[in-house]
Amino acid sequence: MNLRRDVFQAIADPTRRAILLLVASQSMTAGAIAANFDTARPTVSKHLQILTECQLLEQTQTGREIYYFINAKKMKAVADFIEPFRNLWDDRFNKLERIMKTYKTKK
Amino acid sequence: MERKTKLTAGDGQQDLLITREFDLPLELLFKAYAEPEIVAQWMGTKVLKLENKNHGGWKFETSDAKGNVLFRANGAIHAFVPNQKIIRTFEMEHTPFGVQLEVLEFIQLTEDSSKLLMHVVYESVEKRDKMLQLPFAQGINMAHNRLQEFVSNQKNNNV
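Those protein sequence lines, which keep their order, are chains D and Y.
Sequential numbering of the first sequence, starting at 1, is according to the working numbering.
Sequential numbering of the second sequence, starting at 1, is according to the working numbering.
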C-alpha cells in the first residue's frame with residue numbers, strides 16, 4: 001500500500017517524469033541524464049534515487065559506469081492504475097463545491 | 001481534507017461509477033450542472049451550448065492561454081429532471097474514445113448535503129480503459145512537451 005503511494009509521489013514530480021521519458025528511449029548514466037536538466041547534479045541524483053527506490057528505474061553496471069533503465073513492468077502497473085483519473089474528478093468536484101459555497105453566501 | 005470522490009471501475013467491464021458527496025444542499029449541487037456560467041467555472045471550459053431539456057444538446061470548448069483550441073466535446077441531453085437526474089451522451093471530438101452514455105443522479109442526504117452518482121457507459125472495455133489512462137498519459141505528455149521546449153531553447157541559445 002505504501003509502495004503504491006510512493007510510486008505516485010515519484011511520478012507526481014515533473015522532473016522525475018521527464019527523467020522517466022528520457023530513460024524510456026535508451027538506458028543512460030546519471031551524468032548523461034543530468035546533462036539534460038538545469039538542476040544541480042545532486043538534485044538529479046536524488047530524483048534517480050527515488051525512482052530507483054520505488055522500482056520505476058533499475059540499474060545495471062557496465063565497466064565503471066552505472067546505467068539506468070526503465071522497469072517496464074512497474075511502469076505498466078502505474079499506467080494501468082486509475083488514480084490520476086479519480087484525481088481529475090476529485091479536483092473538479094472540489095472546485096464545484098467551493099464555487100457553490102460562495103454562491104450560497106452571496107445569496 | 002478528506003477525499004470524497006469514489007471511482008469504481010470493474011476489471012474487464014465497459015462502464016464506471018463515480019460517486020461524490022457534497023457539503024451542499026441538493027438544489028445548489030444541481031444548479032452547478034444546470035447554469036452554463038457555473039459549469040464553465042468548475043469544468044474550466046467554455047460552454048458554447050447547454051440546452052437543459054429532454055432532447056437538448058450541449059457543446060464545450062477549451063482553449064489554452066493563447067486561444068488555441070485544446071479540446072472540444074459535445075453530446076445530446078436525453079433527459080433532464082431538475083434536482084433528480086440528467087441522462088446525456090459525451091463525445092470528445094477528433095479522439096478515438098467514442099461516445100459515452102452518462103447517467104447522473106442527484107440525491108439529497110440532509111438539508112445541507114447531497115450526493116452525485118455518475119454512471120458512465122463506454123462503447124467497449126478497450127475504450128473505457130483508454131479513457132481511464134488518459135490523465136496519466138497527459139501528465140507524461142506535459143512533461144515531454146516541457147522537455148522538448150527545453151531542448152529546443154537550448155538549441156536556439158547555442159545558435
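It should be emphasised that the hints constitute simulated quantities derived from the structure, not laboratory data.
All values derive from a computational prediction rather than experimental measurement.
A portion of the hints provided could be inaccurate.
Unchecked claim - Below, computed lysine-lysine pairings styled on BS3-like, alpha-carbon distance capped at 25 Å:
| # | chain 1 | residue 1 | chain 2 | residue 2 |
| --- | --- | --- | --- | --- |
| 1 | Y | K6 | Y | K130 |
| 2 | D | K73 | Y | K53 |
| 3 | D | K101 | Y | K130 |
| 4 | Y | K53 | Y | K31 |
| 5 | Y | K130 | D | K74 |
| 6 | Y | K46 | D | K101 |
Each hint tested on the structure:
no., hint, result
1, Y/K6 with Y/K130, "holds, 19 Å"
2, D/K73 with Y/K53, "violated, 48 Å"
3, D/K101 with Y/K130, "violated, 34 Å"
4, Y/K53 with Y/K31, "holds, 14 Å"
5, Y/K130 with D/K74, "holds, 18 Å"
6, Y/K46 with D/K101, "holds, 22 Å"
Consistency with the previously given hints fails for numbers 2, 3, ordered from lowest to highest.
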